[in-house]
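Residue numbers (the numbering used here), protein chains in the order written: chain A, 592 to 839; chain B, 1149 to 1527; chain C, 374 to 680.
The set of hints was computed from the structure by calculation and includes no laboratory data.
These figures come from a predicted structure and were not determined experimentally.
No residue lacks a Cβ here, since even glycine has one placed at the ideal position from N, Cα and C.
What follows is a set of in silico ranges between Cβ atoms, one per label pair, in the way DEER data are often shown: (1) C:I484 / A:D690: 47 to 55 Å; (2) A:H721 / C:D589: 33 to 41 Å; (3) A:L647 / B:R1241: 53 to 61 Å; (4) B:I1416 / A:L647: 47 to 55 Å; (5) B:I1441 / A:L647: 24 to 32 Å; (6) C:D575 / B:E1360: 33 to 41 Å; (7) A:R716 / B:E1360: 32 to 40 Å; (8) C:G640 / A:H721: 31 to 39 Å; (9) C:D375 / B:M1449: 48 to 56 Å.
Dumping the calculated DSSO-like pairs for lysine-lysine here, alpha-carbon to alpha-carbon at most 27 Å: (10) C:K388 / B:K1524; (11) C:K388 / C:K581; (12) C:K449 / B:K1524.
Read off the chains here:
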Amino acid sequence: MMDKGHVIEVEHLTKRFGDFTAVDDISFHVSRGEIFGFLGANGAGKTTAMRMLTGLSFPTSGKGIVAGFDIWTQSELIKKHIGYMSQKFALYGDLTVQDNLELFAGIYGVSRRDAGQRIDELLGRLSLSHERGSLVKDLPQGWKQKLAFSVSIIHKPEIVFLDEPTGGVDPAARRQFWELIYEAVDEGITAFVTTHYMDEAEYCNRISMMVDGRIDALDSPAALKARYGAGSIAEVFDILARGAVRSE
Amino acid sequence: MKEFFAFVRKEFLHIFRDRKTLLVLIGLPTMLIVLFGFAISTEIRNVNIGFFSPQEDAVLSRLADKIDQSGYFTSVGWMRSEAEIDEAMRQGRIDVALMFGSDFTSGLYSPEGAVVSVVTDATNPNNASMEVMYLASIINEYFGSDISRSVSMRMAASANMSSASGMLVPNLRMLYNPQLKSSYNFVPGIMGLILMLICSLMTSVSIVREKETGSMEVLLVSPVRPINIVLAKMIPYFVIACVVLLNILLLTIFVLKVPVAGSFFWMILVSVIYIILSLGIGMLVSSLVRTQIIATLICGMIFLVPVMMFSGMLYPIESMPVALQWFAQVIPAKWFIEAIRKIMIEGVPVRYVTMEILVMTGMAAMFFTAAVVKFKDKL
Amino acid sequence: MDAIVIRGLRKSFRKDQPPAVCLQGETVIRKGELFGIIGPDGAGKTTLFRMLATLLDPDEGSATLEGLDVVRDYRKIRTILGYMPGKFSLYSDLSVKENLEFFASVFGKDIDSNYDLIENIYCRLRPFEKRKAGKLSGGMKQKLALCCSLIHSPSILFLDEPTTGVDPSSRRELWENLAQLKAAGMTVVVSTAYMDEADRCDRVAMMKSGRFLTVDSPGNIMKRFGKRLLAVRSDNMFSLLKDLRSLDAVEKCYTFGDTHHVTLKDGTEADAAMIASELESVYGHKGVKVYDVPATLEDCYMNLEEE
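Chain A extracted, bound-state conformation (with noise of 0.2 Å):
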């Protein structure tokens, strides 16, 4: 069933907790070198549905191949050939920025010879070689995450989950951070993005909005927007969350 063009391919995808369904039957595809943005209000199932495609939970009912990998049977491998990153959990602040880049190129399977190549090569595009000893909690924010979004992808995933990745970020940084983004996605990394700033979800090359569990739109942001009638996302983001019935 897998298209290859097709880095996550989703179909009747539904997650219950009880009689709680958090994901209600939801068939996607996000395609390779695809910036794909993934917003919802707060409780509409983005992060339940992101679990379930990173290989950290099981679904209720539906198929799901991420990364060539079936989502209900090699959720080991899926987890060997994705990058994530979150606002919540970046790096290890009191660990030094070698420290921690030796630390994730480590857990993400690099090997020895590879990892310290891939670290000068990552630093010195970041151009934070001079900061290799420093601690990363007293690195400023906006480097921080620039930082934890080079370790997300050192081991060159196919696909990249970031959650919430640019909170509290200022807006130069935020702009930096994404035209990181871009490049990884030049390089053919394909990145999945939540957001709760509006102006990045134009940044995507398709957005889907999730409600009450079901995506009850996806498409790009220039079509939605002509669909809706409205002038930016944010409107988009207004029209679909007003229909909501639940709050979490």
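Following the hints, put chains B and C in place on chain A, whose structure we already have.
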């Protein structure tokens, strides 16, 4: 006052919503009392014993029966040789053996005396000395005190029966706990531990939790005097501590059947002083630290572990090096346990525990003063 | 009448680091004003709020709330102040109603005494009164926290990043609520990292590294934006970004929603049409659109940072 009671009500809600913690607080002392009372008993019971005598002797057979019936020992019968005893001990069939010298009975009336050796498996030295003591008292009783003076016992106490020998006639009189029932000693220890746990650990963690979640910031920026916030936290834990105290006392009397010798009134008063002292510690800790984990570590390591070590619950303080004995004097629980032990088990009048009560009251005053001084109504 | 007067506040936590807050001169927030403090994490917003809310004493400088000094009269200030800290999480094991009742009684009030003030916000929570606060969604928690900080009818309200992690719809509702409070005469000071929200304030202070970059109404700040600003788009947005930066006339180029924003160097002759034709002819972009746009607060913030 209305604000104050709103706080107290809120604290009770927190406690009753957190069923698991409440269950631990009430269940833990119950479990400890029952566990110590029945399972971890330091007295000996049903120790396997073997006998050896060069001659058959009706008097000695009756002695063996008497030992068997004592309940402390179980006879596995007469052995044919010293080698067989050795073998049985190695195989673990017996833990202790009684070897009578030749012509033991007649020797009792001779000036040289009769010789009996006790051989014990001394891998557990406490048990070994206890076994020797019990055996000696049974033999003494059997032959009557006039004869016993001439019975000398040679004891070889070692795992491999190297027959190190020594002459001893134990003549012990046990005070306050004549049956050597170990249940008595640990009750005050457990009280000291549990009350400290509830009052210092639980209160400090609960106050520090408000700092961690940020609600303390909101409460500070309100007209309520911050010291009242802390005092309101103590009331529910004071109540719980009293419930636990009653629970322990009832279990001690009705389940362990420890005959409480002293005055109930003073026992409870001493406990209440100790509870207040522990609350003071909790308050001091909470005003010094910012995170729950640090509060837990401080209460656990600085106050709870020494309670176990220096309270006399595990080791008698008198047998510690002098420096540590001095250190024991600053452990609040040491004074509490001593006072409770005196009142509960020795049943002495309250004037003998004046010292303990004064020390605890002084400590309580000190902790509360320090806590109030250290308490900041800013961040 | 001035509600809040700040005179050069300064606070530092570690000697080897620059101060967390270092404000110079005098800043006045008027009574009944909706005042925004915008800046990223680490700009010093929370430290500033804590000093104004009498939780931290400043190292230098002073501030007054309704004429009361934050250090000397802190007890009196605490009766007139509503404060909602950023990480405020209520008591998750108490129900919605129990939380509200508790915070009301902290101030010696009950729910009914100022119900009209919170009615608009609380009506959405009513159906969930019995639910534990920990089981509410982010937006609902924020509403409840707001109710709890309003229940004693404060004359000044501080909200530290009330919208972080909250979805756009709930955020908009919160701002509507704040506008109502302002209409009722309350002085409201809000901090946020979302620039687009700041438009709703009467005046904003843009904060960075402990200092105010500028304090003015959003309209004036945007008017003062002295550069020519263009919005540019084409079919390949990523390479467009690099290509725009290589143009001589371009001073700065950054992503902005579905377009890139470009500021032009002072004194350049270039305009929208010239840039569009250069992109098409030299770089081969397709679907190019270039047009002038007015600056937003976010544009202003990004250009202020440079100075």
